[in-house]
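Keeping their order, the protein sequence lines are chains Z and V.
Per the working numbering, the very first residue in the first sequence carries number 367; after that it's consecutive.
Per the working numbering, the very first residue in the second sequence carries number 75; after that it's consecutive.
Derived from the structure by calculation, the hints contain no laboratory data.
Computed from a predicted model, the values in this text were never measured in an experiment.
No residue lacks a Cβ here, since even glycine has one placed at the ideal position from N, Cα and C.
Any given hint might turn out to be false.
[To be verified] So the derived list for chain V, only partly shown, Cβ under 8 Å to chain Z, looks like this:
(1) Gln-86
(2) Leu-87
(3) Ala-170
(4) Pro-186
(5) Glu-223
(6) Ala-224
(7) Tyr-228
(8) Gln-258
(9) Val-259
(10) Ala-262
[What the hints assert, rightly or not] The list that follows gives simulated cross-link-like pairs (lysine-lysine, DSS-like), each with its CA atoms no further than 25 Å apart:
(11) Lys-609(Z) to Lys-469(Z)
(12) Lys-89(V) to Lys-609(Z)
(13) Lys-616(Z) to Lys-469(Z)
(14) Lys-616(Z) to Lys-231(V)
(15) Lys-126(V) to Lys-89(V)
(16) Lys-408(Z) to Lys-89(V)
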Amino acid sequence: MASLSTPAIVLRAVNYGEADRIVTLLGRDTGRLSALARGARKSQKRFAGGLGLCAVGVASLRERAGAELLTLEGFDATGGHSALGADIGRMAHAAYAAELCSKLCAPRQVEVAVYDWLAEFLAYLDLEGASAERLRVFELGLLGGLGFGPAIAACAVCAGASHAGRDASAVAFRWDADRGGAVCAGCARGGRPITAAARAALLHLAGLSLGAAFREALAPDVNRDCREALAEIINHHVGGPLKSVEFIAKLSAASSGGRP
Amino acid sequence: MYASPIARLVQQLAKLPGIGEKTAARLAFHILRASAEDAAVLAAAIVEVRQKIRFCSICCDLTEADPCAICRDQRRDGSLCCVVAQPQDVVAIERAGGYRGRYHVLHGVLSPLDGVGPDDLRVPELLRRCGDGTVAEAILATSPSVEGEATAVYLAKLLRPLGVRASRIATGVPMGGELEYADQVTLARAIDGRREM
Ligand SMILES: [Zn+2]
Ligand SMILES: [Zn+2]
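Given these sequences and hints, build the entire structure.
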């Protein structure tokens, strides 16, 4: 029965029973974990500021012997992400980032850099609003941080060996999520074509900070190609549709929403 | 494993929100121990609620008679429409007293992680209702969560072109609460939502 305390971000909270909630947290010092928050729907005291989507705070947890589910004894919200609900685009991007982390981060695996990346992304989202380019940078950083980063500059299979000595810009590439990203024509066995512009944009975005990403403006078709290329990589690792992506599709069907 | 009628009941009870396999079994055995009459009354109540309760064709609240009692009540102010997420919220506001307008029940809020979009809510009904000129002000009374907030902002944007004034319920320090014990998020909101005196 060990107690622990960690800075944490609420990835998801679902109601459980009469008054409880089951909360999925990304803890800076614990990694992703799920915990039972007893009385969370009634007690405002122990969970001050609430356990809302992407709430940032300090979680006090207790481990229970033999139980996978921890007990959340308290959550002190520190970061007031008060603007995440200010428009649907912000909320959709926050939910998408949270869902990505809850699906891609392994349970109880400490990933300090990933935690900080998410926290920084949410702070910018709160401050400056939704931006497709910044979301791409977030995806690339998250994938890279977890060791899932796609090959972009060089072939995922031969790393350039099969076209050594030739001008790299003259080599045709295909995009193959199963084999880790960009694959040169010599190595390609499947996948689909990817434009040189999309590959160049991905490479450029991969080197940007979240702050700088906001000032980028990709052409709509290049943004779409980048989004789809990264979605294939993400689907490969998640292995199922993401609810937040479904939501975003519904929004753009209902009106012009904040498509990532 | 249980005899199949018990297993069937456990399976059905376990579909209820917040009821796990263990609780479902406990409830099933409680029903088995109860009198045959009590069990029949429970079963009949479940059938009846499905047969008799429907959505009010005006406000989308749950009701036995359509339109519901509040929509029929001529003493209520039809120019005021309080938009809430759940039927339970109507009950809570009515219990508080003081509100003399009408309601609209959305049956949820926009929620990316649950895949709930605008067309999954009673939004078209609200817009139709607000388009005929009777509603002057819509009070957006969804919870002050990210989802409730975004839903309110989304609705306000749709309502304004219809000539309906959109207002948002205030949030902040609870009555009887001590300022120094209020959490940072609530306190920041209370300051943001200040009003002139
Ligand atoms: Zn190759
Ligand atoms: Zn009604």
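Handout entry: Interface hint status, Ala-262(V) versus chain Z (Cβ within 8 Å)
Key = holds (5 Å)
Problem - Straight-line alpha-carbon gap Lys-126(V) to Lys-89(V), limit 25 Å - result: holds (22 Å)
Problem - Per-residue hint verdict: Gln-86(V), partner chain Z, C-beta under 8 Å - result: Result: violated, 18 Å to nearest chain Z Cβ.
Exercise for the section: Would you check the hint for Lys-408(Z) and Lys-89(V), treating anything up to 25 Å between C-alpha atoms as holding? Expected result: holds (24 Å)
Practice task
Let me know if the C-beta of Leu-87(V) comes in closer than 8 Å to any C-beta of chain Z, holds or violated.
Solution key: Check failed: Cβ of Leu-87(V) comes no nearer than 14 Å to chain Z, outside 8 Å.
Exercise for the section: Assess, step by step, whether the Cα of Lys-616(Z) is no farther than 25 Å from the Cα of Lys-231(V), and give holds or violated. Expected result: Cα-Cα ~18 Å, so holds.
Exercise for the section: Closer than 8 Å between Cβ atoms is the bar; does Pro-186(V) clear it against chain Z? Give me holds or violated. Expected result: holds (3 Å)
Problem - Hint check, Ala-170(V) versus chain Z [nearest Cβ-Cβ separation less than 8 Å] - result: violated (18 Å)
Problem - Lys-609(Z) paired with Lys-469(Z) [C-alpha distance capped at 25 Å] - result: Holds, because 11 Å separates the two Cα atoms, which is no more than 25 Å.
Handout entry: Tyr-228(V) as an interface hint toward chain Z, with CB separation required under 8 Å
Key = holds (5 Å)
Practice task
Would you mind confirming whether the straight-line C-alpha gap from Lys-89(V) to Lys-609(Z) stays at or under 25 Å?
Solution key: holds (21 Å)
Handout entry: Proposed proximity, Lys-469(Z) with Lys-616(Z) (alpha carbon, max 25 Å)
Key = Status holds; Cα separation ~21 Å.
The structure fails to meet hints 1, 2, 3 from the earlier list, while all remaining hints are met.
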